[in-house]
Amino acid sequence: MKRLLRRVLGKRAVKRPAAARRIGLRDVHSDDTFIVSFPRSGNTWVRFLIAAMCHPGEEISFRNIERYVPDIHKSRGSIRFLARPRFIKSHTPCFDAFPRFVYVLRDGRDAMISYYHYALGRKSFRGSLRAFVESEGAARYGTWSAHAMGALKRAEEHADDVLLVRYEDLVFCPLDQASRIEDFCRPGVRPEVIEQAVLDSRFPSLQEIERRHGGELDELTELRFFRSRETLSILGYAK
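Sequential numbering from 89 applies to the sequence shown in my numbering.
These are calculated hints, taken from the structure and not from any lab test.
There could be a bad hint or two in this list.
Unchecked claim - For each label pair, taking beta carbons as the anchor points, the in silico distance ranges come out as:
1. Ser233 - Arg114: 18 to 26 angstroms
2. Ala219 - Arg109: 28 to 36 angstroms
3. Arg172 - Gly215: 41 to 49 angstroms
4. Gly215 - Lys162: 19 to 27 angstroms
5. His205 - Ala234: 18 to 26 angstroms
6. Ala247 - Arg299: 37 to 45 angstroms
From the three backbone atoms N, C-alpha and C, an ideal C-beta is built for every residue, glycine too.
Kindly produce the complete structure, drawing on both the sequences and the hints.
Structure below.
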């Protein structure tokens, strides 16, 4: 019966209930694309970019991003109502449960410093950077090295189902990386739409949108998600 349904409905319509349970969703489809990273590694930047490519003319902000590329940690209950193919953000390192995913890889030193400032801004942590690195909160999704190595291993074994995007390449070559993401995600957008999405997703643009519409938590919070895209490794402070 399952084989008959697969032939009638097509491979892309088959659900993956076991995988869905592991990552906390009701169902996962083989045409779902997850946007995955260790926290503060460019995941949200990429989801804004994808949303802008798929919905040209729409100003993407934290007030509407969940309708287009929802965060599995925030919109778990409503994701099943999203039109397919779906794009879903996650930090969960259950890489074999994702049918296909974009993995955003950032230098671990930079990611951890950004994560630290984010925790301070949310008032979920008080203390030094060293204390934060050694805290349970910083390891909520495992260590950076385990997270990154898990994704790289999955990419090596299932190259067609994983797109690796380096945060640093997004900084230096945003149009090239946006084109790679578009090709992998297959939204079928025109080159000029990709170019506009890159312009709309520049950090100054995202910072201005966040200033006008509010940040990740609500419209009134002073915490700003898009602090800076500069990295210690790029600036030469970390060897």
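Here is what the structure says about each hint:
Here the CB-CB span from Ser233 to Arg114 is close to 32 angstroms, at odds with the stated 18 to 26 angstroms. The hint said 28 to 36 angstroms for the Cβ distance between Ala219 and Arg109, and at roughly 35 angstroms that hint holds. The given range of 41 to 49 angstroms is respected by Arg172 and Gly215, whose C-beta atoms sit roughly 43 angstroms from each other. Checked against the hint of 19 to 27 angstroms, the C-beta distance between Gly215 and Lys162 comes to roughly 26 angstroms, which is consistent with it.
For His205 and Ala234, the hinted distance range of 18 to 26 angstroms is satisfied, since their beta carbons lie about 22 angstroms from each other. Judged by the Cβ atoms, the range 37 to 45 angstroms given for Ala247 and Arg299 holds: they are separated by roughly 40 angstroms.
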